[in-house]
Amino acid sequence: MRFQQHYDADFHGFLAHMDAYNAGVLHRDISPGNIIIGPDHVGRLIDWDSSKPLSLQPETPRRATQVVRTHILLPIMISANVIPIRSSGYLAIHVCQPNWPHG
Amino acid sequence: MSASLTGRMGRLHDHKDDLESSFYTLLWVTLMYSDCSKPEKVPSLLRSIFEGGFLAKADFLKGRTFLDRVSFPGRGALHTLFDELAQMFAVRYEQAPTKQDRDRASRINSYSTEYYETTSVYKYDKRMSSLNTHAAIIDLFEAALRDRSQWPPNDPAVKQRFHHDPVLHELVTKSGWNTTLFVEQLESGDDEMEAQPNRENEVDDCHSLRWEL
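For the protein sequence lines, the chains are C and D, in the order given. Going by the numbering used here, the residue at position 102 of the first sequence is 102; the numbering climbs one at a time, nothing skipped. Going by the numbering used here, the residue at position 196 of the second sequence is 196; the numbering climbs one at a time, nothing skipped.
The shape of chain C in the complex, shown without the other chains (with noise of 0.2 angstroms):
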């Protein structure tokens, strides 16, 4: 592999961000191992887990009770897209895939 595949991969998961943070949703855990290069070659931005609503930004300061679920995200992600994966990657999929065979 290439570094600038790094590079570019690192860029595309910033990218990402941007997007999701314009669609009103922000990622709340970047870090190397939460971009993954696909076979493709793009970056993208994984485990969503942490993000939360820009509309949803607590007064008080950040607990675990207050994390939002990924399932509330999701049609704002999609709207965005950006896909989570992970956690709730089947779930993910499965919108933006209707003939995936589990579904």
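Just so you know, nobody snuck in bad clues.
Far from chain C, some chain D residues (derived; all Cβ distances over 12 angstroms):
#  : residue
1  : E40
2  : S44
3  : R47
4  : D59
5  : S71
6  : E84
7  : A96
8  : D103
9  : M128
10 : S130
Just some of the chain C residues that point at chain D, by a computed CB distance under 7 angstroms:
#  : residue
11 : D10
12 : L26
13 : H27
Hints listed in this document are in silico derivations from the structure and should not be mistaken for laboratory results. Yeah, the Cβ is synthetic: ideal placement off N, Cα and C, and Gly gets one too.
Fit chain D to the known structure of chain C by using the hints.
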């Protein structure tokens, strides 16, 4: 995680924290997969930035000592990118202008806009506002990619292996916080002092200093 969040876990997590985290992500990937001019400096930097706290990250951004001394051979654009990103995020940890500074700058602005743009207040506000959106960082990302001469032709990503020597005998400073000084008085020392009061180094002869960790 941004330095700001590391230092004050109670504060709200905003998009600037995510932007700063993107910088650390790119830095981590680069240190892990690209040669650098001083690989022996990398483990301590990784420990300090990714395992250290607020001060380590804030000082890294503001001081940029590592970035001044270390380069990425064949990838000059990366060095420029990191330096500019560090400068961009450092403003979050710099002293904000005081009300007095702002009043003075405001008076200057009413007199000359051109001169106002040279004031520290204007520069601070401009740098802070560059973090309000993703645009300024995207510009820097794209600028680093634009000049292909700044990237090596084959450009392999090579997983770096950092040598870490186990510390067998940790050196400590005498004034270290984890050092305790014991002064033991020798039993026979007092008699000799009285008999020979003008001896040189009498204290050293009469007391033994012992450092314990």
